[in-house]
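Novice: The lines below spell out each chain.
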Amino acid sequence: DSGVTQTPKHLITATGQRVTLRCSPRSGDLSVYWYQQSLDQGLQFLIQYYNGEERAKGNILERFSAQQFPDLHSELNLSSLELGDSALYFCASSVGAGTSNQPQHFGDGTRLSIL
Amino acid sequence: DAKTTQPPSMDCAEGRAANLPCNHSTISGNEYVYWYRQIHSQGPQYIIHGLKNNETNEMASLIITEDRKSSTLILPHATLRDTAVYYCIVRVYPTFTSGTYKYIFGTGTRLKVLA
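Each protein sequence line maps, in turn, to chains A and B. The first sequence: position 68 = 301 (the numbering used here), numbered continuously. The second sequence: position 1 = 260 (the numbering used here), numbered continuously.
No wet-lab data here; the hints were simulated from the structure. Owing to the predicted nature of the structure, the values given are computational and were not obtained by experimental measurement. Please note that a few of the clues may not be correct.
[Claimed, not checked] Heads up, incomplete: computed chain B residues facing chain A, CB under 10 Å, no partners named:
1) Cys271
2) Gly274
3) Glu290
4) Tyr291
5) Gln297
6) Pro303
7) Gln304
8) Leu310
9) Tyr346
10) Arg369
Glycine included, every Cβ here is placed at the ideal spot set by N, Cα and C.
Excised from the complex, chain A in its bound form (with noise of 0.2 Å):
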């Protein structure tokens, strides 16, 4: 057990529709991250939050976006959903900003299914 605890573990919904994934940090980690699996992209970094703020961008779209809130936990947000949207996500966590060598931590993600 990682100690990153994310939900719903499975979803399952339509083209158009908007999800929101849930994301709760280990126990004193102050980052979050998320990453998208897919089975042709492999595990993609999206976007970091550190302390409520972002701080790192990748490959994210514009039709998705997060938010970390006080308690630090982290919400992902997907709209106008495609096909090509399915895919599991994953949501890491570490200590600090990201810039230590301390390692991120993975929580066992939600799987995303596009009908």
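Following the hints, put chain B in place on chain A, whose structure we already have.
Specialist: Chain B alone, transformed into the frame defined by chain A:
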């Protein structure tokens, strides 16, 4: 692009040591090497990381060559539960737009432990 190169697959007999190689010839002097594994579609599990000295923990040992251009993850007594995809990661430096170190996952090594 990932800064590491790994063999796509390896087999190992149960009870034997599994030695997983990784090349990272462009690693900079102060950058760490991280190892994770992913079992089925679970979240990546942190294993170990190191800079230049050999490292050991309850899961594995990490041997880094003196020139730091390659490393080997050693699972001393592989079990069937160690069957997974193993990722060797060297973080990407911050850029003006990214602001933080990023994990770039390659395709990893698919380790199959055989009974």
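Novice: Each hint: holds or not?
Specialist: Structure-based check of each hint:
| no. | hint | verdict |
| --- | --- | --- |
| 1 | Cys271 | violated (23 Å) |
| 2 | Gly274 | violated (26 Å) |
| 3 | Glu290 | holds (9 Å) |
| 4 | Tyr291 | holds (5 Å) |
| 5 | Gln297 | holds (8 Å) |
| 6 | Pro303 | holds (5 Å) |
| 7 | Gln304 | holds (7 Å) |
| 8 | Leu310 | holds (7 Å) |
| 9 | Tyr346 | holds (8 Å) |
| 10 | Arg369 | violated (13 Å) |
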